[in-house]
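**Q** So the chains spell out like this:
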Amino acid sequence: MAKVKGAIVVDTERCKGCELCVISCPTQVIAMSRKVNSKGYHYAYMENPDACNGCTNCAIVCPDGVITVYRKKIVTTEI
Amino acid sequence: MAELDLKDIIAEENVVYKKTKVLTDKPMHYCPGCGHSTLHRIIAEVIEEMGIQEKTIGIAPVGCAVFMYDYIDVDSQEAAHGRAPALATAIKRLLPDRYVFTYQGDGDLAAIGTAETIHACNRGENITMFFVNNGIYGMTGGQMAPTTLEGMRTSTTPYGRDYHLMGHPIKMTDLVAQLPGTYYVTRQAVHTPNYVRKTKKAVRKAFEYQALGKGVSFVEVVSNCNSGWKMPPVQAVKWLDENMLPYYPLGDIKVPQD
Chain A
1 MAKVKGAIVV DTERCKGCEL CVISCPTQVI AMSRKVNSKG YHYAYMENPD ACNGCTNCAI
61 VCPDGVITVY RKKIVTTEI
Chain B
80 MAELDLKDII AEENVVYKKT KVLTDKPMHY CPGCGHSTLH RIIAEVIEEM GIQEKTIGIA
140 PVGCAVFMYD YIDVDSQEAA HGRAPALATA IKRLLPDRYV FTYQGDGDLA AIGTAETIHA
200 CNRGENITMF FVNNGIYGMT GGQMAPTTLE GMRTSTTPYG RDYHLMGHPI KMTDLVAQLP
260 GTYYVTRQAV HTPNYVRKTK KAVRKAFEYQ ALGKGVSFVE VVSNCNSGWK MPPVQAVKWL
320 DENMLPYYPL GDIKVPQD
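Just so you know, the protein sequences line up as chains A and B, in that order. Mapped onto my numbering, the consecutive letters of the first sequence carry residue numbers 1 to 79. Mapped onto my numbering, the consecutive letters of the second sequence carry residue numbers 80 to 337.
Chain A extracted, bound-state conformation (with noise of 0.2 Å):
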């Protein structure tokens, strides 16, 4: 059986912690970031990397596209 397995890479630099990627992913993968960056902004970041399949719906919501999505499918042999 084949598995989808995704990961996100957010360009914290850019991110301005606008919180519309948490609210559009299916499975909730993203959180903001209890650390700030250069600008003050609260970023997101993968606080449940397990969940993700690379929907890519938090990378077309984001205004400034600072997300960068990733995804593999796995195939596994085992039953």
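FYI, nobody ran anything at the bench for these hints, they're computed from the structure. What you were told as hints is all true, and nothing was included just to trick you.
Think about it this way: if two alpha-carbon atoms lie no more than 25 Å apart in a straight line, the pair counts; the simulated BS3-like pairs of lysine-lysine are:
id	chain 1	residue 1	chain 2	residue 2
1	A	K39	B	K98
2	A	K72	B	K86
3	B	K317	B	K280
4	B	K98	A	K35
With chain A held as given, fit chain B onto it using these hints.
**A** Quick look at chain B alone, frame taken from chain A:
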């Protein structure tokens, strides 16, 4: 199954989405969660997908999007307040093989530039117009715009817009759809992933129809203005859903018949 490390997923060959190269690396000056930045990104992505970066000319408005030429890496021209359709007319007539688009807000297109908008649409110029409607004058401090909803509080209508005194909100998109010069007229939004996907298709169509030379393609984007509405982005998106969309329903208003 062996647990997959994040390092294995984050590799160049697995990229499914990254920022387009047509957008410059300059950080945008818009407020967090602003719909302007999303529309900039969508336009840049469509320009990249269609491979028309060298052949596109953008007209920047006066308003929040005044620095559009800094962010979208195409030839651009700055227009006087509200006069973007007039400038686009001139550029398109002199260089008919280029893709010319104007990008305007509601203060620019629906207030000071109403005459230019109506007449450019009536003449049927072969240009694409993007109209960002957030129901407020965002840049100057949240004053009432012609598109402000009834009862909406702004800095010049602190008790809410009263139609006895200030009139009704104007639906520019429905207005220009009546004119014979427009070829494709649609209203979209950019605050959820679904709407962004639909808007991207509309933007692509608007550029493609321009190549046919049959008239104005007009795309309205209902957007949020978090600072002007005095709300955090997540709350503004909810408010937009509940209040703006019933008055400005989304969808195609005029689609080509042939």
